[in-house]
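A.B. asks: Sequence:
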Amino acid sequence: MKKLIVASILIPILATITIFQYQTFLSSYAEFFTVNNASSGADAIVILSGGKATRIPHALKLFADNYAPRIVMTDEKKMNVRFGHLFSTNEKIAKAMINELKLNVPIITVPSLKGGATSTFDEAYDLRVFSEKKGFKHLILVTDAFHTRRAYHAFQKIFSGSEIRLEISAARNDIFNESNWWTSDKGISAYVLESIKYPVYLLSSKNATFIRND
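If you're matching positions, the sequence shown starts at 1 in the working numbering and goes up one per residue.
All clues given are correct.
So the derived label-pair ranges between C-beta atoms look like this: (1) L203 with K134: 30 to 36 angstroms; (2) E132 with N36: 23 to 29 angstroms; (3) P69 with V192: 37 to 43 angstroms; (4) W182 with S204: 25 to 31 angstroms; (5) S40 with E163: 15 to 21 angstroms; (6) A53 with L203: 29 to 35 angstroms; (7) N99 with L193: 29 to 35 angstroms; (8) A53 with G135: 30 to 36 angstroms; (9) L193 with K102: 34 to 40 angstroms; (10) S184 with T24: 17 to 23 angstroms; (11) E163 with V192: 34 to 40 angstroms; (12) Q21 with S88: 41 to 47 angstroms; (13) E31 with K157: 19 to 25 angstroms.
Hint data in this document are derived by calculation from the structure and do not stem from the laboratory.
Predicted model, so just to flag it, every value in this text is computed and none were measured.
C-beta: ideal position from N, C-alpha, C; glycine also.
Go ahead and model the full structure; you've got the sequences and the hints to work with.
C.D. replies: And the structure:
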C-alpha cells in the first residue's frame, strides 16, 4: 500500500520534470535559429520572399515605427510561369495591406539577376548589386523567425567586403513560435527543416541551388 502511495506521488512529479525538460530543450533548440537585432535609422527594410502573411505585416510595422523610410522586396521565381499572372505578386499583396492600414509606403522590388530568386543566396546577390547602385549603407532584413539565422548568415557571406551594414528582424505568426513549435505541423516542418538547411548553408561558399526560398 505504501509503495502504491509513493508511486502515485512520484510518477506525476517525474512526468512533470520530464515534460518540462523536453520542452526546455525543444524551446532552446528553436531559439538558436532566431536572430533579432534591428535598429532604427536604416536606408531600407528588405522583405525576403516567402511568408507573405507574416513578413509583409512585420515590415510595415517597422516602417510605421520609423526604422527606415522605404521598403524593398526581393523577386522570387514563379513556380508556374504559364499561370503566374493569375497569382498576386508580393508587391501587390504588400500594396493591398498598405491600403488596408492606410499607410503611405514607398516600395521597390529588387531586379533579379537570373529571372527570379530560388534561394536566400540568390536574394542576397540581387540585393547587394541593387544596394550598391543605390548607395545604401544600412539594411534591415525581414523574414520569419525560424529563417533568420540562416538568412543572416547567407547575406553576411554575400555582402562580405561591402560597406553595407546588415541587421535582421524576426516576423512572428499566430500558429507557432519557439516555445510551442512541436505542437503543430507547420512548426515541426519549419524547425526540423532548418536543422538540415542551416548546416548546408554553413558549408556552401555560393548559392545552394537545391534549397528553396522560405
